[in-house]
Amino acid sequence: MTTIDLPLPGARTGTELVPAVEEGVTQTAKEFTSDQEVRWCPGCGDYAVLKAVQSFLPDLGLRRENIVFVSGIGCSSRFPYYLDTYGMHSIHGRAPSIATGIATAREDLSVWVVTGDGDALSIGGNHLIHALRRNVNMTILLFNNRIYGLTKGQYSPTSEVGKVTKSTPVGSVDHPFNPVSLALGAEATFVARTIDSDRKHLTAVLAAAAAHRGTSFVEIYQNCPIFNDGAFDAIKGMGEHKGEKEHAIIPLTHGQPITFGALDEATGLGDKALVRAASGGVDVADTATVPADAILVHDAHNADPSTAFAISRLTDAGYLNRSPIGIFRQVDRPTYDDQARAQVATATEAVAGQGTPEERLTALINAGDTWTVD
Amino acid sequence: MSQTKQVKQLDRVIIRFAGDSGDGMQLTGDRFTQESAVFGNDLVTLPNFPAEIRAPQGTIPGVSSFQIHFADHDILTAGDRPDVLVAMNPAALKANLADLPKGATIIVDSHDFTKRNLEKAGYATNPLDKLGEVDDPLAGFQVQPVDLTGITVAAVAEFGLSRKDAARAKNMFALGLLSWMYGRPTEPTIAFLERKFAKVADILGANIAAFKAGWNYGETTETFVVQYEIKPAKMRSGTYRNITGNLALSYGLVAAGVRSKLPVFLGSYPITPASDILHELSKHKGFGVTTLQAEDEIAGIGAAIGAAFAGSLGVTTTSGPGIALKSEAIGLAVMTELPLVVINVQRGGPSTGLPTKTEQADLLQAMYGRNGEAPVPIVAPQSPGDCFAAAVEAARIAITYRTPVFLLSDGYLANGSEPWEIPDVADLPLIDADFATGPNHDTGTLDADGNPERDFWPYLRDEETLARPWAVPGTAGLEHRIGGLEKGEGHGNISYDSANHDRMVRIRQEKVDRIADGLPPLEIDDPSGEAKVLVIGWGSTYGPIGAACRRVRRAGHNVAQVHLRHLNPFPKDLGTILKSYDKVLVPEMNLGQLSKMLRAEYLVDAIGYNHVYGLPLKAAELAEAVGALVGEAEGRDVDLGEHGLNPPADHEEAPVK
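Protein sequence lines correspond, in order, to chains A and B.
Numbering-wise, the first sequence is residues 31 to 404 according to my numbering.
Numbering-wise, the second sequence is residues 17 to 673 according to my numbering.
Isolated chain A (complex conformation):
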């Protein structure tokens, strides 16, 4: 078999080819809000994400008509109806494939996928990993509430082992996915995790995801108050976990040493730190007991994803008492859609002098061995 070295389109930002609003024009969250009544349960984490997105989109400075939100099926997948952009509420698990078609067909659109843990990781798992490996220019927001909400409370592919739900009255025996580990394993170029209730962090991650050219994968911890209330209480320092937040969140900031826990004002470091483990993985250590240069410095741009993967494994698979939050990985790789369009553009330019499309079609169907009957 032959392989060809492809010409690689130059590095661009995620929204570079999308028309921007005219200079001086400011957009508001209200303009991005549709006239449809929002119908999530009271207290649902989706409200917070919707508000954050509606507030963030004007900051992108893109023309509203050039933004497309695509979703699958599930509570979170109602999202597109509430935004006054172009949108499609599609079928279960297939949003990444539909978004791939949109993003490949049109370089001038900012494409977003809204999905959930069931939609993206269960029925749509195949499309998710293939979107990530292809690196199609779009942003995937995975709302992870670790439960099936719309079907009223069955365990999901991120639910912890032993979880008692309607479909697992004596406890789930399914081992859960860690979505960030999965995305890294699928060779995603942008992988981040954030939390529905942390508007500032969420917005910062959205901005970085939108700016990234390629598939940006963002896991959003999102509370379901009806079927899985309190799943993220430790991360949020709520309920019986009040005050535990700083020990639960491992904040990831590119170029910074990774520490968490009680903050030492003098050093600016938390009392826990990530260090390289003897196994090659990553361990949590007491900051005080390790030399400063042994503390892992976060490098989201590392071409080798193994350290990012090792960090992702610090997330609890059971009840969530601890999890790294932030941008795990952000690297440049040519996108599928840019390259596919470049091939079409090259071929189109090559035939530019060969007549109208009708003339070229005539030549095509008349090529080869023909004969004429008078």
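Note that these hints are calculated values from the structure, not bench results.
We put the CB at the ideal spot given by N, CA and C, even for glycine.
Check before you lean on any hint, since a few could be wrong.
[As the list claims (entries may be wrong)] Far from chain B, some chain A residues (derived; all Cβ distances over 12 Å):
(1) 227
(2) 233
(3) 277
(4) 311
(5) 343
[As the list claims (entries may be wrong)] Only part of the chain A face toward chain B is listed, based on derived beta-carbon distances under 10 Å:
(6) 118
(7) 122
(8) 141
(9) 156
(10) 378
(11) 392
[Said to hold, decoys possible] Some, not all, of what chain B presents toward chain A, calculated at C-beta under 10 Å:
(12) 251
(13) 254
(14) 264
(15) 300
(16) 307
(17) 311
(18) 319
(19) 323
(20) 324
(21) 492
(22) 498
(23) 509
Let chain A serve as the given structure and place chain B on it in line with the hints.
Leaving out everything else, chain B in the frame of chain A:
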């Protein structure tokens, strides 16, 4: 030509090349076809090969064959029974012998009739050893054993190939021999070999040498004393080329893109026998065609739907099992009312079924294979070349009516070929994408300047076609959301209102029904106008049905034929036509799917004629069935004589008017 050779005139011949999967029989058949096409014969071909890429060598399951029927007149099928069988090994002889009429010529590669190969084919003794004896198993056939392998190896010795590589050129020797026998032009094949093997001089030399050696063997040896002449067919004036269904279909999609001025976007997953369309379209990026080989069937159609939403002509190609996987997404396209062409190159089913064999048993799947009331228009091509026009028609309906459209081809059309009268591009329909450009609905309120305020309703329809507007992202002011949930009439927002649902279900059906308003009347082939029996079909059975009707007419009887391009909706005059005949026969390569639809729609006693052999219907057998029905309708015995199953048979020429 040497003086001893005779030349006999024939009006048509059916040849079947058969050998092991690795013997290059498809290539041999394809070259013979091109030679015959260039010569000007009418022709129809039938490739038939195993699903395995390399089935066990020398065995019956590993036999691959290619049949060509060529004639000095207009023909419709690849022929029921070959006049000539070229068998490259014992398995090829055994697998095909039952299809031959008595008197047929059999040319065998005697070199391959070894003990081992005979055993693999299940022969206890070598049938070639008993030629002319009392217990000759091939008695009644004209058997010509030729050491094809041995002569080929000797003929290409100068190129210094390994024995194995040298022996591989034996298919070109066979082609050369047959080309001599039937007076085929050799230039196209030599030019073809020069292109194909341009970079490997020794292989090129060996193939040309083997081809010429085959020709010379026919001309100079005493083995073959007769050369046959089949004059060019009288065909309608025009420019022709030979074309397979999959190629014609691919060109049709390119043409639909050109005539609609839309970029074509194919989302597809490889599957036999549809993959060739993906391969072909991937070559036409210069026409703005994008092809995406998706991770699975569902993603293939998903990407096509996404591209359609974004303003492309979305296309997905597959075969039956793939349609099963795409069904939910087709329902989404029905609900979102986006243009989409869904191509099903049908193969034998159910499940994985017979991947390389033909069948037309997915009609009801296309018609009803979705949840809910989900009407999808269906069009079907009737011959390989007709796949071009059918693809353009599918795209026209999809774009005009904003709907997914099924195009039902099949394995026979896909790989079979025929001379195709190349259309004038200017005669192809222009398809207007008619994108929405501005608001379409009065809100009932006034703006600050006192003018009526207008907004955009994505489900406000064209009054005539009921098509909804196609507003593509990037169009300011037309931002809207669509999806799989039920839409409120007009505004298109989610609606769970029961009366609205009932109305929307009816509107979606009505929209598809109204496609019939724009369809031309059906063509009825009833030369005498006195037929009491109508034979009606769809898809690739056109050829066998047409040939069967001609046989019945040549025997002096009356029969009418109608063939359907549109299966959903049916053309408006179909009901009247069906009711104007006493008997209606519906031949299909399934257990009666169109007949079921006709019965349901028109309450006619449609009689099925159904075979699912994985091969086209046989014209002679079908003619007998038609004849019997004509007899029943007319209250008398009908004997088709030589035009039915009795020898010499196999004439498809239309009766002289």
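Hints and how they fare:
no.	hint	result
1	227	holds, 27 Å
2	233	holds, 22 Å
3	277	holds, 40 Å
4	311	holds, 30 Å
5	343	holds, 26 Å
6	118	holds, 6 Å
7	122	holds, 8 Å
8	141	holds, 9 Å
9	156	holds, 6 Å
10	378	holds, 6 Å
11	392	holds, 5 Å
12	251	holds, 5 Å
13	254	holds, 6 Å
14	264	holds, 9 Å
15	300	holds, 8 Å
16	307	holds, 9 Å
17	311	holds, 4 Å
18	319	holds, 3 Å
19	323	holds, 4 Å
20	324	holds, 8 Å
21	492	holds, 5 Å
22	498	holds, 6 Å
23	509	holds, 6 Å
Taken one by one, the earlier hints all hold for this structure without exception.
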